[in-house]
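Colleague: Below are the chains, spelled out letter by letter.
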Amino acid sequence: MGLLSKKDAKLITDPLADNNPITIQVLGICSALAITAELKASLVMGIAVLFVLSVGNVVISLMRNIIPSKIRIIVQLIVVAALVIIVDQVLKAFAFELSKTLSVFIGLIITNCIIMGRFEAFALANKPWQSFLDGIGNALGYAVILIIVGFFRELLGSGTLFGIPVLGDPIEMTGVYALGYENNGFMLMPPMALIIVGLIIWVQRSRNKDLIED
Amino acid sequence: MAVNTDKNSYTILFAIAMVVVVGSLLAFTASSLKPNIEENKRMEKQQNILYAMGVNGNEGTGDITFVSTDKVAGEFATYIKEQLVIENGVAKADDQAYLIDVKKEQAKAKNGGTRRLPLFIGEKDGKTSYIVPIRGKGLWDAIWGFVALDKNMVVQGAFFDHAGETPGLGANIKQRYFMDDFNGEKLLNDKGVFKGIKVAKGNNDPINKIKDDNEVDALAGATITGDGVSAMIKKDLKLYLPYFKNLK
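Here the protein sequences line up with chains A and B, keeping their order. Residue numbers 14 to 227, in my numbering, belong to the letters of the first sequence in order. Residue numbers 25 to 272, in my numbering, belong to the letters of the second sequence in order.
If you are wondering where the hints come from, they were derived from the structure by calculation, not from laboratory data. On a predicted model such as this, the values are computed, not experimentally measured, just so you know. Check each hint, because a few of them may be wrong.
[Stated by the list, open to error] With a cut-off of at most 30 Å between alpha-carbon atoms, the simulated DSSO-like pairs for lysine-lysine come out as follows:
| hint | chain 1 | residue 1 | chain 2 | residue 2 |
| --- | --- | --- | --- | --- |
| 1 | A | LYS113 | B | LYS31 |
| 2 | A | LYS19 | B | LYS69 |
| 3 | B | LYS128 | B | LYS65 |
| 4 | B | LYS95 | B | LYS69 |
| 5 | B | LYS31 | A | LYS53 |
| 6 | B | LYS31 | A | LYS83 |
| 7 | A | LYS53 | B | LYS69 |
| 8 | A | LYS53 | B | LYS175 |
| 9 | B | LYS233 | B | LYS151 |
| 10 | B | LYS222 | B | LYS175 |
| 11 | A | LYS140 | B | LYS65 |
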């Protein structure tokens, strides 16, 4: 990447794999469980977090020298909440349909631990540009896991992807359903997301032994 | 910066400044966007009412499609023949009835006041629909909808929406396959007693062929949202029972 220095590029690539917010830092699990029953919701949530985390990181980073440390958590919370509400209001006024889709995620974004975690761990101690990249990187790392989990849960749980049937019709018994295949309703339950995340962690750690704690 | 950010006085000043800045920012955004948002909500309500009575852009199976926003006012005027407000058992025509906030009316009833019940009478292809707004509680937040009935209280169309149900689970009440299940279901049992429609688990009628059982098949992983739908149908539609009895 000619555009970014090596160190800056690492800020984006690291959270995608070896320092992934979900599988390594174990942040943002709550929303990962809740909304990954379908792929579309996973994608929307990923994009929403990408926006809030990158902009929020920059705002916090700009204020890092003037925030009193005693109330920094409250300040962080206010920044996220204000940001999210403003985005929500603007969408409601100019892109009503989109805001209907997103409304469910608003509360989830504010309480997403990734956001507070990155504010606290990175933006408070780093310059705006680096914070911005860190925000993008972590949000992408989060989105990747969400999309993987959403893919398997929607495929195995409902037999669809993005709401489009890919395995045939379970009622008309076409496609693989004709062979006696059935959707696994368990996949729609939040605990199954945890199992898939567990499998991802397993695969990741068996491929990269450095990640295994003693 | 040379400021000592650990001092109490600084902390308090910072907090006050932050509250003022963020507060006015939010207030400014909210008030400047309010007209747009209200207009959007008004059109949405018209779209929802029309959707329930079968005036929509649905094609084949798949997603729900509303009448487009630029056409909705015209279509609403064409298809909705009469808007009524029922208060203390007396029905009065009111062409602003669709603006009645069901949430506020429910609160009024709770505090001992009389609840105004809006009712929309629509006509499409010679069929008359009585469209009733309903509202209740899901798992996380409010759920609401519109149910179009014929004069025997048989469902002709239903629309549900929610404020914050879990995507992929409870949020599926907004999916067309769930709403379509209600078509043809009866609110009364065969003796004419009001039963409502239960969102029932048990997979006893997965393709929803049985229309006389006052039940539709539940959504996987959405027990509480489903129960909320059953409850709001039962509670809110029951209030209109006297009106429907008079129609016969």
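Colleague: Now look at each hint and say whether the structure bears it out.
Modeller: Against the structure, the hints:
Restraint check for LYS113 of chain A and LYS31 of chain B: the C-alpha separation of about 44 Å exceeds 30 Å, so the hint is violated. In summary, the hint linking LYS19 of chain A to LYS69 of chain B is not supported, as the alpha carbons are separated by about 53 Å, beyond the 30 Å threshold. Simply put, LYS128 of chain B and LYS65 of chain B have alpha-carbon atoms about 16 Å apart, close enough for the 30 Å limit, and the pair holds. For the hint pairing LYS95 of chain B with LYS69 of chain B, the CA-to-CA distance comes to about 13 Å; that is within 30 Å, so the pair holds.
With a C-alpha separation of about 48 Å, the suggested pairing of LYS31 of chain B with LYS53 of chain A is violated against the 30 Å cut-off. As the CA atoms of LYS31 of chain B and LYS83 of chain A are separated by approximately 10 Å, the hinted pair is consistent with the 30 Å bound. In summary, the hint linking LYS53 of chain A to LYS69 of chain B is supported, as the alpha carbons are separated by about 25 Å, within the 30 Å threshold. Of the supplied pair hints, the one linking LYS53 of chain A and LYS175 of chain B is violated, its CA atoms being roughly 39 Å apart against a limit of 30 Å.
Annotation: proposed proximity of LYS233 of chain B to LYS151 of chain B holds, straight-line Cα distance about 23 Å (limit 30 Å). In summary, the hint linking LYS222 of chain B to LYS175 of chain B is supported, as the alpha carbons are separated by about 20 Å, within the 30 Å threshold. A hinted pair counts as satisfied when its Cα atoms are at most 30 Å apart, and LYS140 of chain A with LYS65 of chain B does not qualify at roughly 41 Å.
Checked against the numbered hints above, the structure breaks hints 1, 2, 5, 8 and 11 and satisfies the rest.
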